[in-house]
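The primary structure of each chain is shown beneath.
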Amino acid sequence: MNENRHSVIIIVIIIVGVILLSKLFMIQVVDDSFLRRAERNAVQRIVDYPYRGLISDRNEELLVYNNPVFDLMVIPQEFNIEDTAKFCDIFQIEKEKLIERYTAAKKYSWVKPSPLIKQISTTDFAKIQDYLIDYAGLFVMTRSVRAYPDSIAGSALGYIAEIIPRQLERDTINYYIQGDYIGHSGLESYYEKTLRGKKGAKYKMVNVRGVDKGSFKNGALDTASVEGMNLQTTIDLQLQKYGEKLMKGKRGSVVAIEPKTGEILSMVSAPVYDPNLLAGAAYSKNYNVLLSDTTKPLFIRPIQAKYPPGSIFKVVQSLIGLQWGVLTPKTTYACNKALVACHNHPSPVNLFGAIRNSCNPYYYQAFRQMINQEVSSNTYKDTQIGLDKWHEAVEKFGLGNKLGVDLPYENSGSVPSSSLYDRIYGKARWKYSTIYSLSIGQGEMEVTPIQMANLAAIFANKGYYYTPHLIKAINGDPDNIPEEYTTKHDVGVAAHHFDMVQDAMAEALYGTAMRAIIKDIAIAGKTGTAQNPQGEDHSVFIAFAPKEDPKIAIAVYVENAGWGGRAAASTASLMIEKYLRGHIERPALEEYVLVGDFAD
Amino acid sequence: MRQDDLYINKIDWLSILLYGALVMIGWFNIYAAVYDEQAAKSIFDFSINSGKQLVWIGTAVLLITVIMVADYRLFDNLSLILYGVFLVILLLTPFIGKEINGQRAWFEIGPFRLQPGEFAKFATALALAKFIEKPSFDLSQPKFQFQALLVIMIPVSLIMLQPDTGTAMVYFSFFIMLYREGMPQKYYITALVFIAISLLSLAVDNNLYIALPVAGLTLALILMGKKNWQRIVTLGLIGIAIIAYSYSLDLVVSKLPQHQQNRIMVLFNPDIDPLGVGWNVTQSKIAIGSGGFLGKGYLEGTQTKFDFVPEQHTDFIFCTLGEEFGWIGSLVVVVLFVALLVRLVFLAERQKTRFSRVYGYCVISILLFHFMINISMTIGLFPVVGIPLPFFSYGGSSLWSFTILLFIFIKLDSHRIQLLGRMN
Chain B
209 MNENRHSVII IVIIIVGVIL LSKLFMIQVV DDSFLRRAER NAVQRIVDYP
259 YRGLISDRNE ELLVYNNPVF DLMVIPQEFN IEDTAKFCDI FQIEKEKLIE
309 RYTAAKKYSW VKPSPLIKQI STTDFAKIQD YLIDYAGLFV MTRSVRAYPD
359 SIAGSALGYI AEIIPRQLER DTINYYIQGD YIGHSGLESY YEKTLRGKKG
409 AKYKMVNVRG VDKGSFKNGA LDTASVEGMN LQTTIDLQLQ KYGEKLMKGK
459 RGSVVAIEPK TGEILSMVSA PVYDPNLLAG AAYSKNYNVL LSDTTKPLFI
509 RPIQAKYPPG SIFKVVQSLI GLQWGVLTPK TTYACNKALV ACHNHPSPVN
559 LFGAIRNSCN PYYYQAFRQM INQEVSSNTY KDTQIGLDKW HEAVEKFGLG
609 NKLGVDLPYE NSGSVPSSSL YDRIYGKARW KYSTIYSLSI GQGEMEVTPI
659 QMANLAAIFA NKGYYYTPHL IKAINGDPDN IPEEYTTKHD VGVAAHHFDM
709 VQDAMAEALY GTAMRAIIKD IAIAGKTGTA QNPQGEDHSV FIAFAPKEDP
759 KIAIAVYVEN AGWGGRAAAS TASLMIEKYL RGHIERPALE EYVLVGDFAD
Chain H
269 MRQDDLYINK IDWLSILLYG ALVMIGWFNI YAAVYDEQAA KSIFDFSINS
319 GKQLVWIGTA VLLITVIMVA DYRLFDNLSL ILYGVFLVIL LLTPFIGKEI
369 NGQRAWFEIG PFRLQPGEFA KFATALALAK FIEKPSFDLS QPKFQFQALL
419 VIMIPVSLIM LQPDTGTAMV YFSFFIMLYR EGMPQKYYIT ALVFIAISLL
469 SLAVDNNLYI ALPVAGLTLA LILMGKKNWQ RIVTLGLIGI AIIAYSYSLD
519 LVVSKLPQHQ QNRIMVLFNP DIDPLGVGWN VTQSKIAIGS GGFLGKGYLE
569 GTQTKFDFVP EQHTDFIFCT LGEEFGWIGS LVVVVLFVAL LVRLVFLAER
619 QKTRFSRVYG YCVISILLFH FMINISMTIG LFPVVGIPLP FFSYGGSSLW
669 SFTILLFIFI KLDSHRIQLL GRMN
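Line by line, the protein sequences give chains B and H.
The opening position of the first sequence corresponds to residue 209 in the numbering used here, with each subsequent residue numbered one higher.
The opening position of the second sequence corresponds to residue 269 in the numbering used here, with each subsequent residue numbered one higher.
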């Protein structure tokens with residue numbers, strides 16, 4: 209009666225087989241997530257960090273290189289020292305520190321390496337190298353930190369440091385991982401992708417405890433790292449060094465540009481800091497010291513500081529007036545001190561005299577002509593139309609917007625337009641008498657030192673400029689630099705209008721900036737004195753030289769150093785001499801600037 | 269003497285071939301499981317498990333020879349004595365056994381470790397065959413059902429003292445043999461319903477999902493059939509019992525030791541605690557699942573090699589196969605087991621005596637149970653129970669006991685004509 213039951217049993221056996229094979233098919237063939245999980249389990253990716261690109265000056269003198277440092281790593285399982293005191297003596301580590309680090313390493317992993325002593329210098333490493341063999345469980349991992357042979361141009365070069373969460377969020381292609389080094393400022397940040405190279409990866413197999421079990425697929429998936437590209441900057445090492453020397457003990461900026469190319473020859477942000485402070489082991493300590501320094505050494509003054517342009521802006525006013533036909537070289541106004549204050553000079557003056565003598569009433573009157581051209585019978589409306597037209601013309605001089613220099617955190621400065629005054633005073637509630645201080649570069653005008661240097665380059669070039677930049681070549685190839693730095697910008701003023709302006713600027717030195725005059729080198733310049741309600745005025749000077757074939761355009765801002773003819777003009781003149789001659793023939797002037805007591 | 273009268277031709281060589289294939293594949297897998305690329309040793313190296321397994325295989329061949337040349341009547345005559353001897357050994361094991369993983373299930377004799385619970389299986393199988401042998405033994409009667417159950421339950425209760433739940437569970441596989449021998453079907457249907465309700469109750473969060481359909485089904489059955497009071501009450505009580513059981517199961521589970529609770533819960537959600545309790549199942553599934561269709565190649569597996577899978581050369585040996593030979597490898601092994609089992613059913617059915625048939629079905633029951641539960645637990649179909657995969661898993665006790673179990677049946681089968689003669 210039970211004979212047919214064996215068929216049931218056979219069916220059960222086959223069903224069991226089919227169920228097992230179906231489930232196996234599901235996890236082995238249909239669901240491929242197990243393969244990825246297996247690889248995550250057993251395959252460890254080890255990043256092969258590339259060498260970061262080097263940075264050199266325009267003459268290929270090294271500004272930034274990589275200094276090897278050594279991390280002494282420990283594998284707790286293998287580590288065993290008999291004489292702790294001797295160990296501490298050899299490896300220059302305090303006993304407490306050793307115990308602390310070793311405990312932390314053990315806590316992290318018994319079999320995986322952890323750093324025991326970080327960032328040992330090459331010299332210190334040479335001392336301990338021979339002893340390493342005596343200690344099991346120790347090995348050395350080589351890394352590199354940035355080093356700066358001349359300790360200059362910190363603010364332009366920037367620094368690298370561990371990536372911060374905000375930067376990690378911006379990294380949409382997931383190139384970086386926590387703990388990676390990345391440019392935080394300056395060229396290091398702007399050219400991060402060029403400098404960083406490409407990480408490689410080695411795939412290693414590890415067992416369940418993380419112990420290395422050899423290469424994965426015999427290294428078939430491993431990729432080599434690609435070295436970062438080298439940057440050649442436009443900086444002139446000698447000039448930069450000299451500029452930093454001159455600005456020692458002062459606050460301000462020096463920006464020197466090669467007018468024909470827009471290449472930044474020197475960019476000094478005073479007070480300067482030694483970029484070596486922000487490389488290597490003491491980074492966070494030094495960073496906090498610099499950050500809390502009241503003289504703000506980390507503030508990149510040439511591109512971030514904003515000042516009223518002062519008298520220097522009168523040159524721009526003259527050029528716009530000439531281009532518009534509102535002014536001609538023969539246009540004459542009386543030096544009417546009832547309108548704005550002025551210093552003593554013959555009156556009335558023509559345009560040449562106005563530039564030469566920096567005549568405030570002249571520009572008060574000229575600017576009114578430029579703004580109120582009676583396009584509208586309504587004075588308010590007419591002022592608004594005039595101001596916006598003027599605003600557009602001024603912006604063409606690279607003012608009021610970021611220039612686009614190849615550094616992060618550049619400031620735009622500001623050139624007011626009608627909308628600003630509408631916001632302040634209300635629409636059609638303001639007229640020329642409200643805004644007249646713009647005529648002499650005061651009021652709501654603000655420019656950065658680099659914009660001022662760029663103005664000097666525009667005057668030198670008679671009407672055009674290249675965006676100031678710090679990059680000269682990438683990996684030795686000058687054609688590799690971003691296109692925006694080889695694009696000519698025209699300021700919209702005919703070249704012939706510049707002739708008279710250049711002559712007046714050359715003449716002006718004899719009036720306001722005698723110290724700037726260099727024997728045998730024709731300089732054209734303009735002083736400015738930016739009024740500073742908080743204290744002593746800022747000393748401002750822009751210049752270019754030689755006048756007939758300009759090779760350098762420069763802007764110098766020295767904060768709280770009085771009027772432009774002293775500190776700024778002297779510094780600019782010395783910089784020009786240094787650049788054009790290679791040496792200084794006026795030791796007295798150099799001494800005057802270095803002492804820095806610009807009392808006259 | 270005619271050619272086909274030779275004893276050698278009466279042996280079922282197909283079963284032996286399937287056995288040999290499984291043992292050899294198993295041996296290669298044990299080597300793969302312990303293989304270390306950086307310190308590769310020969311498969312014959314006695315310092316690693318593959319070398320030791322070769323010793324077990326060699327001695328198993330000796331055991332086979334002894335069984336095949338021994339007098340076939342021996343097993344019949346010794347069955348109850350063997351059963352008695354093993355009951356005594358099992359009784360002593362918890363007291364003199366070596367403690368491993370909280371269990372005293374092992375005897376240590378010099379360098380060898382033997383697990384009496386494994387060997388007691390064939391003794392119990394022989395004893396069952398002896399008991400059921402008589403034609404008057406009618407499993408439809410409660411008296412005989414009780415006797416059979418008693419033969420099974422004595423060793424089970426002794427093994428539970430060790431305690432070795434996995435091995436004890438295997439003895440319940442004899443119900444497959446009892447089914448063939450006439451145990452009423454209603455028990456099996458009840459058991460299947462019971463298991464189904466248990467699984468469903470554990471799988472769903474809200475027992476209403478079980479209670480409502482069961483109530484609905486009960487109502488439908490009442491309305492459809494004859495409407496006499498007796499039937500309505502019976503069906504109603506069954507329905508209520510099922511629902512009550514479903515609700516009480518959670519309570520029962522919560523009374524289990526924590527590690528058993530966890531093993532059950534992990535079955536339904538292996539991601540509950542992937543690094544804790546779920547670790548074994550998760551890693552085992554990763555190893556097998558990552559094998560893909562064709563596998564990673566022999567000795568190329570990473571999960572088993574680098575110790576992600578625990579107990580990979582014993583209870584989790586199937587992981588090595590799944591990882592290195594993929595679905596195709598799994599298919600070959602599953603098919604080999606199914607083929608062996610089906611072949612054994614065929615052999616059992618051709619027996620002339622009830623003794624050898626019952627014994628044959630006991631062999632089938634045990635092998636099927638081990639095969640089904642072991643592979644199921646490695647792929648997450650069944651909670652982790654520590655039982656080996658027959659012929660595959662590393663270890664002398666396991667290989668010897670399965671070999672003895674199987675070859676006594678092959679021996680009996682080869683004498684099926686003589687056995688009949690003797691009986692008559």
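No lab work stands behind these hints: they were computed from the structure.
Incorrect hints may have been included.
Listed next, with one range per pair, are the computed distances between beta-carbon atoms [as the list claims (entries may be wrong)]:
| # | chain 1 | residue 1 | chain 2 | residue 2 | range |
| --- | --- | --- | --- | --- | --- |
| 1 | H | L342 | B | D240 | 40 to 48 Å |
| 2 | H | A512 | B | V220 | 26 to 34 Å |
| 3 | B | L243 | H | G370 | 29 to 37 Å |
| 4 | H | L649 | B | D240 | 48 to 56 Å |
| 5 | H | P578 | B | N688 | 55 to 63 Å |
| 6 | H | G370 | B | E370 | 42 to 50 Å |
| 7 | H | A308 | B | Q337 | 32 to 40 Å |
| 8 | B | I385 | H | R381 | 42 to 50 Å |
| 9 | B | N426 | H | L649 | 32 to 40 Å |
| 10 | B | Q386 | H | V323 | 49 to 57 Å |
Mimicking EDC-like on lysine to aspartate or glutamate, the simulated pairs with C-alpha atoms at most 20 Å apart in a straight line are [as the list claims (entries may be wrong)]:
| # | chain 1 | residue 1 | chain 2 | residue 2 |
| --- | --- | --- | --- | --- |
| 11 | B | K412 | H | D575 |
| 12 | H | K620 | B | E652 |
| 13 | B | K412 | H | D280 |
| 14 | B | K759 | B | D805 |
| 15 | H | K564 | B | D698 |
| 16 | B | K610 | B | E582 |
| 17 | H | K366 | H | E579 |
| 18 | B | K314 | B | D279 |
Partner residues are not named here, just some residues of chain H that face chain B (Cβ under 10 Å, in silico) [said to hold, decoys possible]:
| # | residue |
| --- | --- |
| 19 | S310 |
| 20 | F314 |
| 21 | A338 |
| 22 | R341 |
| 23 | L342 |
| 24 | K454 |
| 25 | T458 |
| 26 | L567 |
Ideal Cβ placement from N, Cα and C applies to all residues, glycine included.
Regarding A308 (chain H) and Q337 (chain B), is the given constraint of 32 to 40 Å on their beta-carbon distance met?
-> Once the Cβ atoms are compared, 35 Å apart, the range 32 to 40 Å for Q337 (chain B) and A308 (chain H) holds.
Using 10 Å as the Cβ threshold, decide whether L342 (chain H) counts as touching chain B.
-> violated, 27 Å
Mind checking the CB of T458 (chain H) against every CB in chain B and telling me if the closest is under 10 Å?
-> violated, 16 Å
Given the hint that K610 (chain B) pairs with E582 (chain B), test it: the Cα-Cα distance must not exceed 20 Å.
-> violated, 32 Å
Does K620 (chain H) pair with E652 (chain B) here, judged by a C-alpha cut-off of 20 Å?
-> violated, 115 Å
Restraint outcome when R341 (chain H) is required to lie within 10 Å of chain B by C-beta distance = violated, 26 Å
Given F314 (chain H) was flagged as interface, is its beta-carbon under 10 Å from a beta-carbon of chain B?
-> violated, 24 Å
Okay, L649 (chain H) versus D240 (chain B) on CB: inside 48 to 56 Å?
-> This hint is violated: roughly 20 Å between Cβ atoms.
Would you check whether L567 (chain H) satisfies its interface hint, that is, whether its CB is within less than 10 Å of any CB in chain B?
-> Result: violated, 13 Å to nearest chain B Cβ.
Hint check for R381 (chain H) and I385 (chain B) - Cβ pair distance inside 42 to 50 Å = Since I385 (chain B) and R381 (chain H) have Cβ atoms about 48 Å apart, the given range 42 to 50 Å holds.
Consistency of beta-carbon spacing, G370 (chain H) to L243 (chain B), with hint 29 to 37 Å = Holds - the Cβ-Cβ distance for L243 (chain B) and G370 (chain H), about 36 Å, lies within 29 to 37 Å.
Evaluation of the interface hint that places S310 (chain H) against chain B, nearest CB under 10 Å | violated, 19 Å
When the structure is compared with the earlier hints, violations turn up for hints 1, 4, 12, 13, 14, 15, 16, 19, 20, 21, 22, 23, 24, 25, 26 and for no others.
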